[in-house]
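Asker: Could you put the whole structure together from the sequences, leaning on the hints where they help?
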Amino acid sequence: MALQTETDGAICSSFRLPVPYSDTKTTVRPTARLSLAGLPLRLWHSPTITTWGSFAARTLSLVAVFPLVLARFSAEQVVVWSLLNSIIGLQMLADLGFASTFSRVIAFAMGGAKDLVDFRNPKRVHGSGEPDWEVIGRISSTMGTVYGRLTVVSVIALASFGTWSLNKPIEALPDRTEAWLAWAVVLATTAITFRGNAYSAYLQGINQIALLRRWEIATSVGAVITSTAVMLVDGSLLALVVANQIWLVIATLRNRWLCSVVKQGRFFYGSDQGLDGPIFQAVWPSAWRSGVGIALTGGLVQVSNLLYAQWGPVQQVASYLIALRLIQAVSQFSQAPFYSKTPLLARLRSEGKLDEQVYVARRGMLLSYWAYSIGFVAIGTSAGPLLKLLDSQTSFVEPQLWALMGLVFFCERYGAMHLQLYTTTNHIIWHTVALVHSAIFMAVSLATFNFVGAYAIPGGLLAGYLGFYSWYSAAHSYKAFHLQLWSFEKSTSLVPLSVTLVYSLGSFLFPMLSKTWNG
Numbered sequence: 000m001a002l003q004t005e006t007d008g009a010i011c012s013s014f015r016l017p018v019p020y021s022d023t024k025t026t027v028r029p030t031a032r033l034s035l036a037g038l039p040l041r042l043w044h045s046p047t048i049t050t051w052g053s054f055a056a057r058t059l060s061l062v063a064v065f066p067l068v069l070a071r072f073s074a075e076q077v078v079v080w081s082l083l084n085s086i087i088g089l090q091m092l093a094d095l096g097f098a099s100t101f102s103r104v105i106a107f108a109m110g111g112a113k114d115l116v117d118f119r120n121p122k123r124v125h126g127s128g129e130p131d132w133e134v135i136g137r138i139s140s141t142m143g144t145v146y147g148r149l150t151v152v153s154v155i156a157l158a159s160f161g162t163w164s165l166n167k168p169i170e171a172l173p174d175r176t177e178a179w180l181a182w183a184v185v186l187a188t189t190a191i192t193f194r195g196n197a198y199s200a201y202l203q204g205i206n207q208i209a210l211l212r213r214w215e216i217a218t219s220v221g222a223v224i225t226s227t228a229v230m231l232v233d234g235s236l237l238a239l240v241v242a243n244q245i246w247l248v249i250a251t252l253r254n255r256w257l258c259s260v261v262k263q264g265r266f267f268y269g270s271d272q273g274l275d276g277p278i279f280q281a282v283w284p285s286a287w288r289s290g291v292g293i294a295l296t297g298g299l300v301q302v303s304n305l306l307y308a309q310w311g312p313v314q315q316v317a318s319y320l321i322a323l324r325l326i327q328a329v330s331q332f333s334q335a336p337f338y339s340k341t342p343l344l345a346r347l348r349s350e351g352k353l354d355e356q357v358y359v360a361r362r363g364m365l366l367s368y369w370a371y372s373i374g375f376v377a378i379g380t381s382a383g384p385l386l387k388l389l390d391s392q393t394s395f396v397e398p399q400l401w402a403l404m405g406l407v408f409f410c411e412r413y414g415a416m417h418l419q420l421y422t423t424t425n426h427i428i429w430h431t432v433a434l435v436h437s438a439i440f441m442a443v444s445l446a447t448f449n450f451v452g453a454y455a456i457p458g459g460l461l462a463g464y465l466g467f468y469s470w471y472s473a474a475h476s477y478k479a480f481h482l483q484l485w486s487f488e489k490s491t492s493l494v495p496l497s498v499t500l501v502y503s504l505g506s507f508l509f510p511m512l513s514k515t516w517n518g
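So the sequence shown is numbered by numbering that gives the first Met the number 0: it starts at 0 and just counts up by one.
No wet-lab data here; the hints were simulated from the structure.
The structure displayed is predicted, hence computed values, not measured ones.
For glycine and all other residues, C-beta sits at the position ideal for the given N, C-alpha and C.
Just to be clear, a hint being listed does not mean it is correct.
Claimed, not checked - Between beta-carbon pairs, the in silico distance windows are:
#1 Lys-478 to Ala-190: 54 to 62 angstroms
#2 Val-151 to Ser-486: 25 to 33 angstroms
#3 Lys-387 to Gln-272: 26 to 34 angstroms
#4 Arg-255 to Val-313: 40 to 48 angstroms
#5 Ala-446 to Val-260: 49 to 57 angstroms
#6 His-426 to Trp-485: 19 to 27 angstroms
#7 Leu-504 to Trp-310: 24 to 32 angstroms
#8 Val-260 to Ala-63: 28 to 36 angstroms
#9 Trp-43 to Ala-446: 32 to 40 angstroms
#10 Ser-486 to Thr-162: 36 to 44 angstroms
#11 His-44 to Trp-310: 47 to 55 angstroms
What the hints assert, rightly or not - Only pairs whose alpha carbons sit at most 30 angstroms apart, straight line, appear in this in silico DSSO-like list of lysine-lysine:
#12 Lys-478 to Lys-113
#13 Lys-113 to Lys-262
#14 Lys-167 to Lys-489
#15 Lys-489 to Lys-478
Answerer: This is the structure:
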């Protein structure tokens with residue numbers, strides 16, 4: 000069956016790119032000219048649209064739950080609640096890069112590839128275009144064993160580090176018992192939800208992203224409704240955490256059920272065979288490199304938040320964590336057009352379709368940059384007034400700090416998307432990128448923290464991205480896909496970057512105007 004990238008062409012029909020002809024199984028067809036009659040069905044099956052829908056459903060908490068938290072919780076409670084969310088995000092450290100690696104190699108096998116090692120030579124076609132279910136079964140069995148062991152490691156690690164990082168903030172609360180119970184709930188559900196990474200990786204690897212995201216919309220809406228009801232009736236920290244965590248367990252059980260019904264339940268064929276030696280040997284080099292990269296980039300931000308909470312003034316910490324939550328929400332929203340296509344990109348690579356792969360990547364990057372820039376400017380101009388309207392006990396950060404954070408995450412998006420594109424060659428450089436970036440970040444942040452406070456964190460991140468992460472990742476991508484920087488970026492990042500720069504520079508050069516925007 001031929002695959003298609005569905006509705007993206009309809010969304011940005013002004014940006015039509017030439018689509019190369021391909022006569023093998025996986026084809027990418029131009030979709031800019033769509034009949035209105037078929038549009039609803041295409042939207043229903045679009046990975047990008049359903050990913051946006053899933054994110055929008057989860058982001059409803061920012062509209063429904065977040066204002067109630069800010070209005071009812073003290074600054075100390077906001078800090079603890081934000082830190083609990085940060086610690087939950089740290090689960091990706093214990094994943095060690097296996098989720099993204101397993102998803103990618105399953106996508107390779109969906110293209111018929113048996114060699115799961117190196118795809119840097121595009122002239123060497125690795126796959127037949129037909130799924131190799133024997134290889135996929137071995138991957139799934141190995142994945143189940145790996146995640147069973149990682150679950151134990153993750154719970155122990157989070158229990159140790161999380162308890163230490165929460166100790167001081169919780170001691171500042173009048174009801175410390177309730178906060179510690181909330182932390183116990185998070186740990187208990189982690190033991191269940193972490194195992195669920197295997198189900199999600201499989202569904203994404205076989206390109207069932209639209210199906211997965213549609214179900215995520217349903218459970219996310221349920222979580223928002225439950226959390227809102229809790230805040231309106233009870234409003235306690237413990238009740239809010241329970242309301243959120245129970246839906247994470249439901250989501251894990253949902254993904255397990257989907258694996259049992261999709262593709263005739265092939266996920267469970269041979270699932271009791273345990274660890275497959277050759278598969279693990281093929282996956283492990285990529286996994287640990289990816290894991291180091293994920294831990295030192297995404298994890299570094301979360302850890303810096305936990306450390307800042309130990310020494311920063313409570314009000315400033317609360318304001319910064321709110322701003323970080325919002326900019327990360329914008330960044331995650333902007334990832335959908337590109338990241339929803341990563342299984343397709345990997346499969347195209349395994350089939351040797353370089354031109355089609357570049358076409359899909361270019362369009363996804365363009366939409367991602369625009370989604371980020373628009374979201375960044377929109378929140379920058381509205382967050383301050385909205386918090387005042389809500390009579391929040393916590394204010395928004397200074398416009399200059401928000402502008403700096405916006406530039407940081409734009410650079411991160413640029414480097415991350417090129418890094419993700421290059422990763423489809425299965426030659427992993429995440430560990431190199433992350434190690435150098437982290438060294439720069441720590442050096443700059445530690446050297447400047449006593450002088451600029453919260454600015455040291457985004458300042459260090461920006462130094463790391465500009466100093467190595469972004470340009471190094473892009474250079475590998477350009478080389479692997481025979482791209483020219485100017486000709487590629489002028490049709491993807493140039494205009495959205497200009498919008499972001501104009502707004503950010505305006506916040507620094509005209510601070511009074513920025514303060515007016517932010518109420």
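Asker: Taking the hints in turn, state whether each one holds.
Answerer: Quick rundown of the hints versus the structure:
1. Lys-478 to Ala-190: 54 to 62 angstroms: Given range 54 to 62 angstroms: violated, Cβ gap about 43 angstroms.
2. Val-151 to Ser-486: 25 to 33 angstroms: Given range 25 to 33 angstroms: violated, Cβ gap about 50 angstroms.
3. Lys-387 to Gln-272: 26 to 34 angstroms: Violated - the Cβ-Cβ distance for Lys-387 and Gln-272, about 59 angstroms, lies outside 26 to 34 angstroms.
4. Arg-255 to Val-313: 40 to 48 angstroms: holds, 41 angstroms
5. Ala-446 to Val-260: 49 to 57 angstroms: holds, 55 angstroms
6. His-426 to Trp-485: 19 to 27 angstroms: Since the Cβ atoms of His-426 and Trp-485 sit about 25 angstroms apart, the hinted range of 19 to 27 angstroms holds.
7. Leu-504 to Trp-310: 24 to 32 angstroms: For Trp-310 against Leu-504, whose Cβ atoms are near 31 angstroms apart, the range 24 to 32 angstroms holds.
8. Val-260 to Ala-63: 28 to 36 angstroms: holds, 31 angstroms
9. Trp-43 to Ala-446: 32 to 40 angstroms: violated, 52 angstroms
10. Ser-486 to Thr-162: 36 to 44 angstroms: Since Ser-486 and Thr-162 have Cβ atoms about 52 angstroms apart, the given range 36 to 44 angstroms is violated.
11. His-44 to Trp-310: 47 to 55 angstroms: holds, 49 angstroms
12. Lys-478 to Lys-113: Between Lys-478 and Lys-113 the Cα gap is close to 25 angstroms, so the pair holds against 30 angstroms.
13. Lys-113 to Lys-262: holds, 20 angstroms
14. Lys-167 to Lys-489: violated, 49 angstroms
15. Lys-489 to Lys-478: holds, 17 angstroms
In this structure, the hints that do not hold are numbers 1, 2, 3, 9, 10, 14, in rising order.
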